[in-house]
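2 protein chains.
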Amino acid sequence: MSKRPLILITNDDSIYAKGIKSLVDVVKELGDVLVVSPQDPQSGMGHAITIHEPLRLKPSNQFKDIEAYTCSGTPVDCVKLAIYEVLKTRPTLLVSGINHGSNAATNILYSGTMSAAVEGAIENIPSIGFSLLDFDTDADFDAAKHYAKIICQNVLKHGLPKGTCLNVNIPKGKLDTLKGIKICRQGKAFWEDAFEKRTDPFGGDYYWLTGDFAVTDRGEDTDMFALENKYVSVVPTQFDMTAHHLISTLNEWDI
Amino acid sequence: MSKRPLILITNDDSIYAKGIKSLVDVVKELGDVLVVSPQDPQSGMGHAITIHEPLRLKPSNQFKDIEAYTCSGTPVDCVKLAIYEVLKTRPTLLVSGINHGSNAATNILYSGTMSAAVEGAIENIPSIGFSLLDFDTDADFDAAKHYAKIICQNVLKHGLPKGTCLNVNIPKGKLDTLKGIKICRQGKAFWEDAFEKRTDPFGGDYYWLTGDFAVTDRGEDTDMFALENKYVSVVPTQFDMTAHHLISTLNEWDI
Chain P
67 MSKRPLILIT
77 NDDSIYAKGI
87 KSLVDVVKEL
97 GDVLVVSPQD
107 PQSGMGHAIT
117 IHEPLRLKPS
127 NQFKDIEAYT
137 CSGTPVDCVK
147 LAIYEVLKTR
157 PTLLVSGINH
167 GSNAATNILY
177 SGTMSAAVEG
187 AIENIPSIGF
197 SLLDFDTDAD
207 FDAAKHYAKI
217 ICQNVLKHGL
227 PKGTCLNVNI
237 PKGKLDTLKG
247 IKICRQGKAF
257 WEDAFEKRTD
267 PFGGDYYWLT
277 GDFAVTDRGE
287 DTDMFALENK
297 YVSVVPTQFD
307 MTAHHLISTL
317 NEWDI
Chain U
67 MSKRPLILIT
77 NDDSIYAKGI
87 KSLVDVVKEL
97 GDVLVVSPQD
107 PQSGMGHAIT
117 IHEPLRLKPS
127 NQFKDIEAYT
137 CSGTPVDCVK
147 LAIYEVLKTR
157 PTLLVSGINH
167 GSNAATNILY
177 SGTMSAAVEG
187 AIENIPSIGF
197 SLLDFDTDAD
207 FDAAKHYAKI
217 ICQNVLKHGL
227 PKGTCLNVNI
237 PKGKLDTLKG
247 IKICRQGKAF
257 WEDAFEKRTD
267 PFGGDYYWLT
277 GDFAVTDRGE
287 DTDMFALENK
297 YVSVVPTQFD
307 MTAHHLISTL
317 NEWDI
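Residue numbers (the numbering used here), protein chains in the order written: chain P, 67 to 321; chain U, 67 to 321.
For the record, the hints were derived by calculation from the structure and aren't laboratory data. Watch out, some of these pointers could steer you wrong.
Just so you know, same-sequence chains aren't split out, so a pair can sit in one copy or run between any two.
List time: in silico DSS-like cross-link candidates among lysine-lysine, alpha-carbon distance up to 25 Å [said to hold, decoys possible]:
1) K84 / K263
2) K296 / K154
3) K94 / K223
4) K263 / K124
5) K263 / K154
6) K254 / K154
Note that the coordinates shown come from a computational prediction; the quantities given were computed from them, not determined experimentally.
Construct all of the structure, not just a fragment, from the sequences and the given hints.
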């Protein structure tokens, strides 16, 4: 039996994305690797799970000398199948990504990449989601790989408290243009959505979701601020969504 | 122009579910109502949005004298389309549900019903998700309607702080078996998943996601505890997922 750490990799851009290949390259030096990744892109799937349809799981030769599977479902489905069906145990570390595009601030809620890491946290597995601020399918992941390795090494060394994971975002650019790592809180922002309305060849209307990301929180301790200033942002993340500060107020209501 | 509150209704069980009809019945007495609801069931879709496919929005006559639309996408898509395309403004109140089945504890993360309410909170709309602890398509919503009305009236009267919403779960049972409302925090639990493996007629394997909900947090201030004791649970909810307590620890790491 190997005593190397067992590292589970998933993502939301599919097993064919450059970002997951970059992450495999980083962590295969740190432990034994299993990949369970979506067969098709699953961006924006958030914490979705597949209830109404069966799931398919197929072996993949995508990575040389690495055990890998594709899954027909969401990133969270991938994590569940990996733990309960493939491994039958919990890995030492779960890493998700490297996502093509930012998952900073409120984007965490919509992100399949980060939802996979949060699912890891729910399962008490030290988990990290990595995202590069570059949507390009051929994005340059060199700087992201450098920081991903440092952060994985530290999580393997220090662990993470139960029920927590890390949301790591890396600015676009060469390594020598980045200033280092900042520990941050999740910034507040929202998508000011705009729908582009079109008409299909048969006269029916349809809409494409578009929009601008409106940052409403200028705090210098936010991930958005760190990224704008060329720092890698690391947000420690948990899944208790209780607005604890509101409990006493609600107890004053006459209900 | 009407001075009645404008109330947006959505859900995740589709516009044809008994639960949303029950919610329409409750809130049509309290304001002017718009329904934008999924055309197909969207349970377990979490905070998913539709990026890779166009969205369809169609008028529906499902509710007498109520403006209603079906949407081809997720509950969060419904909220975005309602605000940015149908209303072109923010409603006074957003209500989601009444869900057929519990969204207590960690279920909030997987829940389309609650993700619609959280999307409302992101948009600074006072928002409430309602769920009945009964998966039956013909469940008895009488007690749920009673409490939904009280809670909607109170939110219309008091408002909710920016960036917050309510997660309301109602035990199964007749009104006189319920003990009232408890303000709670989100309990901690996880799905101990089991996959049922089957083989299709063509020899291919597939999996159904099943599992048991394992409650790991016995706190008497949790929603799970309240529901087990026949109270309606109200969890004030927000969307900052930062593990604030972990920031100082991570700043001690040598990264």
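For each hint, the structure was consulted:
no. : hint        : in the structure
1   : K84 / K263  : neither (32 Å within a copy, 31 Å between copies)
2   : K296 / K154 : neither (40 Å within a copy, 36 Å between copies)
3   : K94 / K223  : within (16 Å within a copy, 57 Å between copies)
4   : K263 / K124 : between (38 Å within a copy, 13 Å between copies)
5   : K263 / K154 : between (47 Å within a copy, 14 Å between copies)
6   : K254 / K154 : between (38 Å within a copy, 23 Å between copies)
Checked against the numbered hints above, the structure violates hints 1, 2; every other hint is satisfied.
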